[in-house]
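Engineer: Use the sequences and the hints to build the structure in full.
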Amino acid sequence: DAKTTQPPSMDCAEGRAANLPCNHSTISGNEYVYWYRQIHSQGPQYIIHGLKNNETNEMASLIITEDRKSSTLILPHATLRDTAVYYCIVRGQTGANNLFFGTGTRLTVIP
Amino acid sequence: ETGVTQSPTHLIKTRGQQVTLRCSSQSGHNTVSWYQQALGQGPQFIFQYYREEENGRGNFPPRFSGLQFPNYSSELNVNALELDDSALYLCASSLAAGDYGYTFGSGTRLTVV
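Heads up: the protein sequence lines correspond to chains A and B, in order.
Per our numbering, the first sequence runs over residues 6 to 116.
Per our numbering, the second sequence runs over residues 56 to 168.
Since the hints were derived computationally from the structure, they do not count as laboratory data.
We put the CB at the ideal spot given by N, CA and C, even for glycine.
One or more of the hints may lead you astray.
Sample of chain A residues with no beta-carbon within 10 Å of chain B, all distances over it, derived [unchecked claim]:
#, residue
1, Lys8
2, Ser30
3, Glu63
4, Val114
5, Pro116
Below, a list of computed lysine to any residue pairs in the SDA-like style, where the Cα atoms sit at most 25 Å apart [stated by the list, open to error]:
#, chain 1, residue 1, chain 2, residue 2
6, A, Lys8, B, Lys68
7, A, Lys8, B, Gly156
8, B, Lys68, B, Gly156
9, A, Lys8, A, Glu36
10, B, Lys68, B, Thr166
11, A, Lys8, B, Asn114
12, A, Lys8, B, Gln92
Structural biologist: Shown next, in the form of structure tokens:
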């Protein structure tokens, strides 16, 4: 399964855009990139996913490079409630379609 | 639409004991996965159940077992508890087919003493 690499931590000022990078250089052609976040003491929360094209929903935007070896999650206007650990995941290729979490990026939104 | 609910929220067990954790999947979801999250680490996949059958397993010993019921709810059983089994146990439900996201519960915090 493709591995992902994320910076361990990032800070972002409240109201500014948070750009969280992820490298997945060994991604296979039919593997999706998923983003989840985990707020302290809660279960992970699905944010967004994509295959090749950029995606946007009410929570965030996902930008995937043309070679698919990296991606960026963008939170357009970060709030204090966005402080969490963000996980970039490439969906496994086993029949179970399980998710392989790394250690993620701890995003701290600063007032 | 109800989310994923897990019970109990917290549990303390003694080394060598057995424990059963429970999970009710989100309405409409037919697949349940279990994850173990040690302190400071990301969740690790234990196994997944679909149509009451185990549908994939991570690197966990056989003393970790599970069940899925006709209503898609699930149980995680751990026998012969070890101190290292202390963790947050997360249940996630999803639809079997397609590229849908997973809905996670808030987890059960298990402490083995």
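Engineer: It remains to establish, for every hint, whether it holds in the given structure.
Structural biologist: Hint check:
1. No Cβ of chain B approaches the Cβ of A/Lys8 within 10 Å, the least distance being about 12 Å, so the stated non-interface status holds.
2. At roughly 19 Å, the least C-beta separation between A/Ser30 and chain B is larger than 10 Å, which holds for a residue marked as non-interface.
3. Taking the minimum C-beta to C-beta distance to chain B, about 14 Å, the non-interface status of A/Glu63 holds against the 10 Å cut.
4. Non-interface call for A/Val114 relative to chain B: holds, since the shortest CB-CB distance, roughly 21 Å, exceeds 10 Å.
5. No Cβ of chain B approaches the Cβ of A/Pro116 within 10 Å, the least distance being about 26 Å, so the stated non-interface status holds.
6. With a CA separation close to 34 Å, the supplied pair A/Lys8 and B/Lys68 exceeds the 25 Å bound.
7. Our distance criterion of 25 Å between C-alpha atoms is met by A/Lys8 and B/Gly156, whose separation comes to about 19 Å.
8. About 33 Å separates the Cα atoms of B/Lys68 and B/Gly156, which puts this hinted pair outside 25 Å; it is violated.
9. Using a Cα cut-off of 25 Å, the hinted pair A/Lys8 and A/Glu36 holds, with the two alpha carbons roughly 11 Å apart.
10. Taken as a hint, the B/Lys68 and B/Thr166 pair is honoured in the structure, with Cα atoms around 6 Å apart against an allowance of 25 Å.
11. Of the supplied pair hints, the one linking A/Lys8 and B/Asn114 holds, its CA atoms being roughly 16 Å apart against a limit of 25 Å.
12. Restraint check for A/Lys8 and B/Gln92: satisfied, since their Cα atoms lie roughly 18 Å apart, inside the 25 Å limit.
Hint violations for this structure: numbers 6, 8, all remaining hints satisfied.
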